[in-house]
Structure formats: structure tokens, C-alpha cells
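Participant: In the numbering used here, the protein residues as written are 1 to 277.
Hints are computed from structural coordinates only; laboratory data are not their basis.
No false leads were mixed into what you were given.
Straight-line Cα separation of at most 30 Å, DSSO-like style, residue types lysine-lysine; simulated pairs:
#, residue 1, residue 2
1, 58, 209
2, 230, 209
3, 230, 266
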Amino acid sequence: MDGENLLAPSGRPTGMVFAHPAHEWFTFAAVLRLQPNLYYLSPGIFGGDGFADAFREKLAAIGFRGTVTFGSISESEIYERYLAQDDDWFVTQRDAIADWLGALQPGIVFTDAFEWYNSAHDLVPLLVTSAVQCQPSDSPPISLAEHGIGLQTVPWQKRQTQDWPAVRLTDDEIACKRQFLGDMNGFFSGITQGVNDELQSVVKDWGEKEYQTEYYRWTSVTRTFGEPPKVGDWATYDQRGHLRVASGRSQQAITFHEHFAPLAAKLLREDSMSVIG
1 MDGENLLAPS GRPTGMVFAH PAHEWFTFAA VLRLQPNLYY LSPGIFGGDG
51 FADAFREKLA AIGFRGTVTF GSISESEIYE RYLAQDDDWF VTQRDAIADW
101 LGALQPGIVF TDAFEWYNSA HDLVPLLVTS AVQCQPSDSP PISLAEHGIG
151 LQTVPWQKRQ TQDWPAVRLT DDEIACKRQF LGDMNGFFSG ITQGVNDELQ
201 SVVKDWGEKE YQTEYYRWTS VTRTFGEPPK VGDWATYDQR GHLRVASGRS
251 QQAITFHEHF APLAAKLLRE DSMSVIG
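All chains, full assembly: derive it from the sequences and hints.
Facilitator: Structure, rendered in C-alpha cells:
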């Protein structure tokens, strides 16, 4: 199936689960065509007085009619719990997503892409995959898809797009995308202060092609999560963990085999799912 078919209405609600706000920048075709319900693991760096209401208002101003749910955790807490290997805490976050999915009963759920080489982001497809597997066996099946965050500017991320079907936005969708990014500029300006230099470097250089094109692909509910491969000169999963230490943002590096793999093993084991349903 290509990207356009992936965005075809299913007759059931659509869900989107992201690490934090700003990832919807890469999914406006899906946001506007499917009118999904959005779930953010954390408000991220944007959380603060008035943000949630302003975020919903600006989305509504471009015709968005879905709901927006924010988890009550901070992005820093995700890293702290990850470093502490507090798997039970992540089971709690997974259960919250599973409950949300159970109430929504979506036909399809979009997530951040795995192999983003960012430990907080790479947790999202793992948590969602586990949450889907937690649904009762008699529940309607849920399909999974992911969006190509960062793929709009391939030289920046040094990744290939041939495995990612491209979706071209309409002129009206592009106008809505520009309006939303402009309206929310005040909240997103903190990115320029070094919180996420990579993402800001993409957006500030966006031309017409980047606004016009988004990437989506199907993935599997029974997917496995192997160590992300080396891609160009883009930092690997483990290298990004060490870069966080070098930048002073963390005291210890998060690595794939020490942190991600054990957590994935727990979340995808049946005995961790008995609390759901």
C-alpha cells in the first residue's frame, strides 16, 4: 500500500501518538485528512501555563476537530526513568496508552518513527506496539503506521526515502501548515535555544518541497525492534546517548543494549500485559 492509501479514511477513528508537540509538523496531511485524536507522551519543552489551550485553539483554527491528550510527565523524567531502568514506570505509561486506545477503538494509529536515533522518540513506537498488543482479543484490529520525521530534508538526516511513500499536500493543506507553524512560533521559539537544534535547523530551511511533501509507511503490530543501523554520518543510537553526556544534558549515556533492549523485552512479553482488558 502506498502513502495515499494509508491516509484513506477507515470508517473508524484514527489515533496519533507522539513523544511531544512539534512532531505534528511532519504529519499535516494525516492531521487534516483523517482528523485523528492526538496523544502526546509529554508536553516536552513546551509545557507551561496556557500552552495546552493555545495548542488546541491553533489546531482548531486550521480546521482540526480531533481531541488532544497530554501525558502528565516531563521529557526529562523519561530520560531519568530510562537511565534508572525503571521498566515498571514504562509499563505504567504503556498502560495509559492502552487504555486510551481501548476507549478510542481506532482503525489505525500513527506513531513517531523507530530508528530516529533519539531514545525518547524511539520509545513511542515500542510503547504503542505493546499497547496495541494489550487490547482484548475480541477488540477490532488496529493497524500501525509511522511518519517519516525529518525525512523532508534528507541531506540533514542522511537517510533514504525509497522505503517511505511520499504524500503531497494540497495547496489548502500547505496554507494550514504555514498558518499553524506561524501561530505557534512563540511557543516553539525555545527550540532555537539549543533544546533541539536539529529540528530547528530543518524547519528554518524549509522550502516549498519540504512544506509540500510528507512521508508515511505501514508497520506491523508484531514488529521487532533491532538495533538501528548506521546511516551515513548521522549519529547512532548509542552515539546520541554519549552526545547528551558531552553536551551536559545527561550524566549517563543511554545505550541500545543496556536500556532499550531489556525494556522492549519486558513490554512485549505477555506477562507484562495481563493488567489490560
